[in-house]
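Asker: Given the coordinates of chain A, assemble chain B onto it according to the supplied hints.
As given, the protein sequences belong to chains A and B, one line each in that order. If you're matching positions, the first sequence starts at 1 in my numbering and goes up one per residue. If you're matching positions, the second sequence starts at 1001 in my numbering and goes up one per residue.
The set of hints was computed from the structure by calculation and includes no laboratory data. Among the hints, a few may not be true.
[Claimed, not checked] What follows is a set of in silico ranges between Cβ atoms, one per label pair, in the way DEER data are often shown: (1) A549(A) x G1515(B): 36 to 46 Å; (2) T56(A) x S1173(B): 25 to 35 Å; (3) N529(A) x D1373(B): 45 to 55 Å; (4) N67(A) x A1017(B): 52 to 62 Å; (5) G442(A) x V1073(B): 16 to 26 Å.
We put the beta carbon where it would ideally sit given N, CA and C, even for glycine.
The lines below spell out each chain.
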Amino acid sequence: MSRLTIPTPARAQGVIDTLYSDLGRRLQSNPVGVCPVDMASAFVNLCHSQSCGKCTPCRIGLGQLHNLLERVLNGDADEGTLELIEKTARVISVTADCAIGYEAAKLVLRSLSASRDDYEAHLQGNCTAHFDAPVPCVSLCPAHVDIPGYIALVQAGRYADAVRLIRKDNPFPSACALICEHPCESHCRRRLIDDALNIRGLKRMAVDCAGDVPVPASAEATGKTVAVIGGGPSGLSAAYYLALMGHSVTVFEKRKQLGGMLRYGIPSYRLPRETLDAEIQSILSAGITAKTGVDIGTDISFAALKADFDAVYISIGAHTDNKLGIEGETGKGVISAVQMLRGIGDNELPDFKNKNIIIVGGGNVAMDCTRSAMRLGAKTVTCVYRRRKEDMTALPEEVEGAIAEGCEVMELAAPVRIELGENGEAKALWVQPQMISNISRGRPAPVKADAPEQRLDADVIVVAIGQAIESEHFAANGIETKWGRIVADMDTFVKDNDGVFSGGDCVTGPATAIRAIAAGKTAAANIDNYLGFHHEISVDVEIPAAPIAIQPPCGRINLPERPAAERRNDFKLMEYAMTIQQAAQESARCLRCDHHGYGSFKGGRECKW
Amino acid sequence: MQMVTFKIDNRTAEVPAGTTILEAASKLGIAIPTLCYFKNLNDIGACRVCVVEIEGEERLFAACNTPAMDGMVVFTNSPRVREARRVNVELILSEHDCHCPTCVRSGNCKLQEVANDLNILGDVYDMQPERNKPDGGFPLIRTASKCIKCMRCVQVCDKVQSLNIWEVTGTGSRTTIGVKNGKKIWDTDCSLCGQCITHCPTGALRARDDTDKVYAALADPEITTVVQIAPAVRSAWAEQLGLSKEEATEARMVAAVKALGFDYVFDTDFAADLTIMEEGSEFLDRLQNGGTLPLMTSCCPGWVRFLKGQYPELTDNLSSAKSPQQMFGAVAKSYFAEKIGVDPHKIFCVSVMPCTAKKHEVTIPALSDACGDPDVDIALTTRELARMLKADHINVKELPELPFDSPLGTATGAGVIFGATGGVMEAALRSAYFLATGKNPDADAFKDVRGLDGWKEATYDVAGTPVRAAIASGLGNARRLIEAVKAGKVQYDFIEVMACPGGCAGGGGQPIHDGEEKAGERGEILYTLDKNMPLRFSHENPEITKLYADFMEKPLSHKAHHLLHTDHHAWEMPQQ
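Next up, chain A with everything else stripped away, as it sits in the complex (with noise of 0.2 Å):
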């Protein structure tokens, strides 16, 4: 025997990888509301079959545990058992030899403590666990678009009933298409074969190819006024379809144009303004009239306005921006994100030719400012960061889009000082270099690295860390805030001030335009309702059936950008769309939920709403 050999892999070992692969693809794509009890169950028997079997609570543990968790299952447990349970997978977790015990064990405690409803009911032989999410991307579109729906109809060629369907639940169809962070193709059931759809590139298809496609007609006139106070994406979604049911709806926006963080926020790389405008256009020709450069506060009263509407929707975003609260941070060329994309957004553009920029934050409001540096001509760009690059809440796609772009993300490094010049003007930025340490609420944070502190050339300065809302005069005028957020129920009422409604980021603090619109739309149902009516929303788009063949296993087709080095210099779309061929076999990759499973029985469309 020799006395060493080099290990290779046997073949089957390569094929179990990739079934370990593929179970975690599963996992992450999980169905929305299984049994949280059934799922632990599960999972405690995969760790019990990693046991190597020598400590006691590992490899008898894990068994018992998932013994006694098929007892609650099968209601056959009480209140003890899961006491029992809580206590041996606490003695498990403090006493099993390794991780595959001790992990295994906590995973059941977790599991026990989030969901300690769902194994009470199991006591009472109930299971609260329903499969509502029939459609997974459905369910997880904030505004429940039919998106089998439109992928069925860009397969079939039928753009125009494409973007007709979207409108049914989203007024911003060419927007979202260009910069929804697509929470659908989270689940995407696909994943389960290869990968999610594109189902945003998918949308653009539709969108790019649709033509000119007039609104529906308006229900007949109610009389009743409605005033929406932001024309941001989720006003406007709800003055559309206040509008179309019959409402006459005035649309109040403190700033030049409508479009608020749409335009404001977003640059034009990637929602060009034409796109944007055509998109406001044909929302505005639903019938609404809308009044720009009015600040409700300033010019109007809230309280003026609610006696002279019959519901008020306040919609006012998130624009003003937080501040660091470190030295120098008052100086000449220290700016906020928003006050930098507010101007990009008027088309007012901040002169940055030849200087040296930093950004600091890592989310994608600061990757937008990263990335529009670039092209405003700055010398160089330099987004500083005081976690990881892997800890951006940004899409990684865009940190390394800024990257290609030759952008400089500068991560672990914390701003401790803002160094001005004679005339108070900005000269460097001071960072404490960091290290990434303990995981504390579910990220790991920073803590100070034993280094020293670095200087960084800087001639602007640009703070994105996060957005707040101007919501003292209505705070004033007797609508409840919490944090400078505005207090409304999920159904958008707020509490105690009759026909007032809110939503979107300045309820929910900032977050995504699909979010917006979601409010947006739930607010004009409520609101519809709340004025004495029951319009319903729908569209007679005839889906095509489910196709007989599914597309075998098969890549994912992502949208091209332009080149960096091309792209970094203007500020037109840097995205390509998909070409027909694309879109033919991506859209063939749809496994149709709405049909099958789940869909066929209960949930696969709703129709209206």
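Answerer: Frame of chain A, contents of chain B only:
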């Protein structure tokens, strides 16, 4: 119409686009076995028994919800199909309590039929049926160990009856059917229509069997047993006894029931005529004296449960007249007891009904006024009657026909048609017209209210007053109608509602024929009986005339109010 051409089992077929493979095959006489499928109700591809092979495709497809497409080549019995169909049935059997000899659906079970057809002998997989939960004595019983999760009960309750009592509960391997929101069935607004029972392919859903109590009464020499038979029962009683339509006469049914040993075999049709006298008079009274309108019929206990549960604010619109079943019981334990000189406490009154809700109705204290005991002791379904006849091995076919006993056995055609949707309305209009004008209309003058449409309406002139009548059958239709009334979109004076689609003929207590809706066919039998009856107006029933003359005085008299009417507010639905 766009047509598609495809091949199935080497035959070329042309069908309209959108036709499923199952329907297309059926048109060609090719039978594909199905289990969960129910036409127009459930085509969700759950059981995967109806799978077929499509040339060029790796996966097999459910014929019930896959449309035939141009150029498709389908095989219904290829080796892969045979294997798959068999394995899927074996898997379903592994979750099914296969104790068939003691199952109420033995011999009339879709699963049994499919498994037998496939020549499945013995078990391949470990048997692990779901455990049963207590039923609490409710007239509707679910045996979880027999449920095959076809979802038909959920569909019929949601789509047809709009009550959404059943739902899919749990996920994964423990997915099952339960009562919505974890409630107990007796704590819900279940109307007890029994449509989930008649649409269940197996014995998972059934009505409580009450025959033992009837046998006990029949065995007691101290007890006088009286049985009444509902109108719709005669249209279906022998469906599973091997009799032809010609043999399954009303008189042979009487003979068969008599053979079970009942002392008196009476006709609920008689009580239906009585209901018309009371309800018709009540209607005219409300119409002429400004009472609460529209008047809503109260003879269907499924509908009454539905209304009181879902629209309690409309309780006053219900006719205060009791249902024929309860009127019969009240008369049997008062007038009839007096007549034969028997202590009413010694009378055991049984009803045979096409209905499961009647089992609840007999237990409502406010509907028993004759002597302190329940006016009707036990309500049996048509199916229980058939089972009793089978248990006694009565050779029904050979029995000489017998008439109903007197005095509660004489009826008119108006009473017979109570068993079909629109029948109560038509019968009521026939007599209301007479009561208002003193003249009989043509007996078929109101036949526009017949037929299987879920929501019918007609306006008739009664003594110069237009009467706007509406009829709904099926609770989903009833809900649409009520919502329209509440919204002021429609105006009616008189509304008949039957909980079951097609009325009692399609009742939840009627014999079960998997995959078939029999209400239309049975309703025709009732209308034929009506047509051939010598008397077709309730007010001409001589026994009714005699009942009023000797005992009840006149419709809406004090005595009639006491015995034949009720206060619908006197009891509540669980969620009220």
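Asker: Compare the structure with each hint and give your call.
Answerer: Results of checking the hints against the structure:
1. A549(A) x G1515(B): 36 to 46 Å: Given about 30 Å between the Cβ atoms, the range is violated.
2. T56(A) x S1173(B): 25 to 35 Å: holds (30 Å)
3. N529(A) x D1373(B): 45 to 55 Å: holds (51 Å)
4. N67(A) x A1017(B): 52 to 62 Å: holds (54 Å)
5. G442(A) x V1073(B): 16 to 26 Å: violated (54 Å)
This entry does not satisfy hints 1, 5, going by the numbered hints stated previously.
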